[in-house]
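Just so we're aligned, residue 1 is where the sequence shown starts under the UniProt record's numbering, counting upward by one.
Calculated directly from the structure, the hints in this document are not laboratory data. Bear in mind that the values here come from a model prediction, so they are computed numbers and not experimental data. Think of the CB as a built atom: it goes at the ideal place given N, C-alpha and C, for glycine as much as any other residue. Treat the hints with care, since some could be wrong.
Here are the computed distance ranges between Cβ atoms for each label pair [what the hints assert, rightly or not]:
| # | residue 1 | residue 2 | range |
| --- | --- | --- | --- |
| 1 | Lys200 | Ala229 | 25 to 33 Å |
| 2 | Ala179 | Ala132 | 13 to 21 Å |
| 3 | Gly57 | Gln117 | 39 to 47 Å |
| 4 | Ala132 | Arg154 | 39 to 47 Å |
| 5 | Met115 | Asn214 | 31 to 39 Å |
Using 20 Å as the maximum straight-line C-alpha spacing, the simulated DMTMM-like pairs for lysine to aspartate or glutamate come out as follows [said to hold, decoys possible]:
| # | residue 1 | residue 2 |
| --- | --- | --- |
| 6 | Lys167 | Glu223 |
| 7 | Lys152 | Glu230 |
| 8 | Lys60 | Glu93 |
| 9 | Lys184 | Glu223 |
| 10 | Lys167 | Glu93 |
| 11 | Lys200 | Asp142 |
| 12 | Lys122 | Glu210 |
| 13 | Lys121 | Asp142 |
| 14 | Lys237 | Glu202 |
| 15 | Lys205 | Glu62 |
| 16 | Lys184 | Glu241 |
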Amino acid sequence: MIQIKKCKRKRLVNCLWLIGVALCIVGCNNSNTQTERSETAKTDTVAEVYVELGFFGPVKPEKWAVLLAAVQNNVTHSRREAGNLAFNLYLPENDTLQPIWFERFQTYKAHTLHMQQDYFKKAIAVIKQSLAGEALSIALKDVKEVPAVNPKNRTAAHNSITLYTVKPGSRQQFVTAMANAAAKCRGLSNNVEYNLYQYKNEPEKFVLIEAWLNKPKNVQEPEAEYFAAEPVRYMVKDISENKNVNH
1 MIQIKKCKRK
11 RLVNCLWLIG
21 VALCIVGCNN
31 SNTQTERSET
41 AKTDTVAEVY
51 VELGFFGPVK
61 PEKWAVLLAA
71 VQNNVTHSRR
81 EAGNLAFNLY
91 LPENDTLQPI
101 WFERFQTYKA
111 HTLHMQQDYF
121 KKAIAVIKQS
131 LAGEALSIAL
141 KDVKEVPAVN
151 PKNRTAAHNS
161 ITLYTVKPGS
171 RQQFVTAMAN
181 AAAKCRGLSN
191 NVEYNLYQYK
201 NEPEKFVLIE
211 AWLNKPKNVQ
221 EPEAEYFAAE
231 PVRYMVKDIS
241 ENKNVNH
């Protein structure tokens, strides 16, 4: 009887030891899995750049001066924000009172902080009272194959904004062509800006923003075969600062 009891006790100890080892292994595996998930989460939540192009639409003529002053004040202060990459205000070259804005922030959080500033809130209040209709904004994103480059300077005599709609299946060809064009244009001494952006939720729609010291010559346009619709180009002047305003 004593022998049997000792045997049983020994087996029980061995079983408990094996269970302990098994639990340890499972715990280690779970820890590794959690670490992997944590690393994956870090990758998945990499801060996304905030990019937006907006069309104010028609401005009430009698409200133009006050709107311009408020928006220029917002632009000036916004450019000083640590998270701001670009903020521009444009007007069609024919002086039609339908301004266009473009803004780019390092992160969405930086843009949220921007919207908390008094100068932003004051500008929005003035804008709401000054427009004849509704403003239209387009959420954009950087194109990884054509990384955006901050303008060399903010003084350019010739500016344009072009909207492209690419045929299904032609996106990669178009992006490759634009990457090659960007490399060439940015290498020219008279180029100030040549940046391509994609509509955030429409992968076949793009915006090209160009700025030149003088009118570019022999700059090759993308092949027409890429497009599902005729590109829309706005020839504009930069009115971000008071010195460029004639009104």
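Right, here's what the structure says about each hint:
no., hint, result
1, Lys200 x Ala229: 25 to 33 Å, "violated (19 Å)"
2, Ala179 x Ala132: 13 to 21 Å, "violated (39 Å)"
3, Gly57 x Gln117: 39 to 47 Å, "violated (24 Å)"
4, Ala132 x Arg154: 39 to 47 Å, "violated (29 Å)"
5, Met115 x Asn214: 31 to 39 Å, "holds (37 Å)"
6, Lys167 x Glu223, "holds (12 Å)"
7, Lys152 x Glu230, "violated (30 Å)"
8, Lys60 x Glu93, "holds (18 Å)"
9, Lys184 x Glu223, "holds (16 Å)"
10, Lys167 x Glu93, "violated (30 Å)"
11, Lys200 x Asp142, "holds (9 Å)"
12, Lys122 x Glu210, "violated (30 Å)"
13, Lys121 x Asp142, "violated (27 Å)"
14, Lys237 x Glu202, "violated (27 Å)"
15, Lys205 x Glu62, "violated (35 Å)"
16, Lys184 x Glu241, "violated (29 Å)"
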